[in-house]
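J.: Single-letter residue listing:
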Amino acid sequence: SQELEQSPQSLIVQEGKNLTINCTSSKTLYGLYWYKQKYGEGLIFLMMLQKGGEEKSHEKITAKLDEKKQQSSLHITASQPSHAGIYLCGAATIYNFNKFYFGSGTKLNVKP
Amino acid sequence: NAGVTQTPKFQVLKTGQSMTLQCAQDMNHEYMSWYRQDPGMGLRLIHYSVGAGITDQGEVPNGYNVSRSTTEDFPLRLLSAAPSQTSVYFCASSYEGGGPNEQFFGPGTRLTVL
Numbered sequence: 099s100q101e102l103e104q105s106p107q108s109l110i111v112q113e114g115k116n117l118t119i120n121c122t123s124s125k126t127l128y129g130l131y132w133y134k135q136k137y138g139e140g141l142i143f144l145m146m147l148q149k150g151g152e153e154k155s156h157e158k159i160t161a162k163l164d165e166k167k168q169q170s171s172l173h174i175t176a177s178q179p180s181h182a183g184i185y186l187c188g189a190a191t192i193y194n195f196n197k198f199y200f201g202s203g204t205k206l207n208v209k210p
Numbered sequence: 011n012a013g014v015t016q017t018p019k020f021q022v023l024k025t026g027q028s029m030t031l032q033c034a035q036d037m038n039h040e041y042m043s044w045y046r047q048d049p050g051m052g053l054r055l056i057h058y059s060v061g062a063g064i065t066d067q068g069e070v071p072n073g074y075n076v077s078r079s080t081t082e083d084f085p086l087r088l089l090s091a092a093p094s095q096t097s098v099y100f101c102a103s104s105y106e107g108g109g110p111n112e113q114f115f116g117p118g119t120r121l122t123v124l
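Going down the list, the sequences are from chains A and B.
Under our numbering, the residues of the first sequence are numbered 99 to 210, in order.
Under our numbering, the residues of the second sequence are numbered 11 to 124, in order.
Keep in mind that the hints are not guaranteed to be accurate.
Claimed, not checked - Partial list, derived from the structure: chain A residues whose beta carbon lies under 8 Å from chain B: (1) L141; (2) L186; (3) N196; (4) S202.
Calculated directly from the structure, the hints in this document are not laboratory data.
Each residue gets a CB set at the ideal place from its N, CA and C atoms; glycine is no exception.
Extracted from the complex, chain A is given alone in its bound form (with noise of 0.2 Å):
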């Protein structure tokens, strides 16, 4: 969507690799969400930001919320074959916590 930038498009990585994919929002967070999905599949829950400099991690993933600057990393650490798939950020603004927005997603490929 137009409120959410995500960045970037695709990535392939070799294996052991860090990686880095950011989330950009044009209005006010109230929340911001990071799924993850395999192709051809529906969407996995990774984690939810909310709170400016807040910072979560699932195993080797971890993401950050920048709230200045409206905009959220998610950052994997020695990636693996297992973290393939579209990441997706997700949000919902202050404007209405009701409607969720959704990034372009992001497509990773991990090369062994």
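Mind docking chain B on chain A? Use the hints.
T.: Then chain B, alone, in the frame of chain A:
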């Protein structure tokens, strides 16, 4: 718990036909929503509901109708299908709308309109 279930998994329609995509959840969630996913465009919100009897439009509501007569079910109706509605449709639910709540997604319905 079955979580969020969607039927059918696949559907092919001809232009002008109508159909209903079914969505059900057994988690007693108040908030339910429908999204469509098109290549390169992420998910776009079609309609959402914050409880039985309450629905509202999302980002791309045209051509779709919804109703919420029970907490468990949130069907999506295509009144007159168009090729532009070819997409993958996802239903989701959460305990409450917005806020710090995880949305649980169904497996999706892949719809092709010829």
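J.: All hints, please: hold or fail.
T.: Here's how the hints hold up against the structure:
no., hint, result
1, L141, "4 Å, holds"
2, L186, "6 Å, holds"
3, N196, "4 Å, holds"
4, S202, "4 Å, holds"
Hint check: no violations occur; every hint is consistent with the structure.
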